[in-house]
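Could you put together the complete structure from these sequences and hints?
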Amino acid sequence: MHFIFSDEVVLLFDFWSVHSPAGVALSVLVVLLLAVLYEGIKVGKARLLHQALTSLSISTSQQLIEETDQNSSSSDSPQVSRTRLRWFLCHFSQSLLHVAQVVIGYFMMLAVMSYNTWIFFGVVLGSGVGYYLAYPLLSMT
Amino acid sequence: MGHFHHVGMSMGMSSGDDNSTMAPSHHHPTSSASHSHGHMMTMMPMTFYFGFKNVELLFSGLVINTAGEMAGAFVAVFLLAMFYEGLKIAREGLLRKSQVSIRYNSMPVPGPNGTILMETHKTVGQQMLSFPHLLQTVLHIIQVVISYFLMLIFMTYNGYLCIAVAAGAGMGYFLFSWKKAVVVDITEHCH
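Here the protein sequences line up with chains A and B, keeping their order.
Read left to right, the first sequence gives residues 1 to 141 (UniProt numbering).
Read left to right, the second sequence gives residues 1 to 191 (UniProt numbering).
No lab work stands behind these hints, which were simulated from the structure alone.
Keep in mind that a hint or two might mislead.
What the hints assert, rightly or not - 35 Å max Cα-Cα, derived DSBU-like pairs, lysine-lysine:
| no. | chain 1 | residue 1 | chain 2 | residue 2 |
| --- | --- | --- | --- | --- |
| 1 | A | K45 | B | K88 |
| 2 | A | K42 | B | K97 |
| 3 | A | K42 | B | K88 |
| 4 | B | K53 | B | K88 |
| 5 | B | K97 | A | K45 |
Just so you know, these numbers come straight off a predicted model, no measurement behind them.
Following this line, the structure appears as structure tokens:
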């Protein structure tokens, strides 16, 4: 098994079989966008986590201030449950993003496994472009 | 003709060879060459399919033939993917804990004589023969092996098993990272 330049490729699904240079070019474009999306999801997950931590840290510190002022008892105030719900929703959406990341990562691995050199270039280029576009967004707050 | 089949079988995927037109969507090879030559017993599928007949899973003895076995394999793969996510997060936590302890150890600051900044070189990483580093190494090896197993399972192109990998990863991330994030939240406010 070795890398080949070929005009025919079957990628991932039965219906995705191309036999022409135009088809292969389109497949390379799709795979490229998939790789860009993968890098974007990685950055998106980190940003979601950062946003959740900062917003929820503000709300929990406010709760602490309120509780010390009011000298309240141990029962949960509505504020706490709202914070927990927000945290749950945030974490659930992060988990969905994680599933998407795992699936797209495996799809890219399987695309490279087709041993078609054009597809491989598409994956590598897409990863590079995705990293270039997405990672500056990581340090933005 | 036997040679032609042999060439076709050994390529196994879409190739630049004009003569062989393999249909990679076929999971069960219908050509008789597989029995006569015995070089490749089963073809590797190259597209996703849903099925539970004659599914080889990682090892030569592990073949799935019934729906019940597929259900068992689904659960096992699901748990393996969950364990992988948990292992990743446990390693992160262990690393942070061992590094934090080292950082605190090097904090002792200057004595009454005005001597400044004694052991700044100790903050960098772990010592090579320390127990935390050896534990991290062992866990790293286990993590690499499991990640390759999950990749190979996904490579069977079996729809049920792939869904099990993805769902297990999602569930594992949800369960273990929840705890980690809460812990991180608390510790990062104590600074």
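### Query
Given the proposed pairing of A/K42 with B/K97, does the C-alpha separation stay at or below 35 Å?
Between A/K42 and B/K97 the Cα gap is close to 25 Å, so the pair holds against 35 Å.
### Message
Between the alpha carbons of B/K97 and A/K45, is the straight-line distance 35 Å or under?
### Response
The given pair, whose Cα atoms are some 23 Å apart, holds under the 35 Å limit.
### Message
With the threshold set at 35 Å, check whether the alpha-carbon distance from B/K53 to B/K88 stays at or below it.
### Response
Holds, because 33 Å separates the two Cα atoms, which is no more than 35 Å.
#### Entry: Restraint status (C-alpha distance of A/K42 to B/K88 at most 35 Å)
holds (16 Å)
### Proposed proximity, B/K88 with A/K45 (alpha carbon, max 35 Å)
holds (16 Å)
Consistency with the previously given hints is maintained throughout, with no hint failing.
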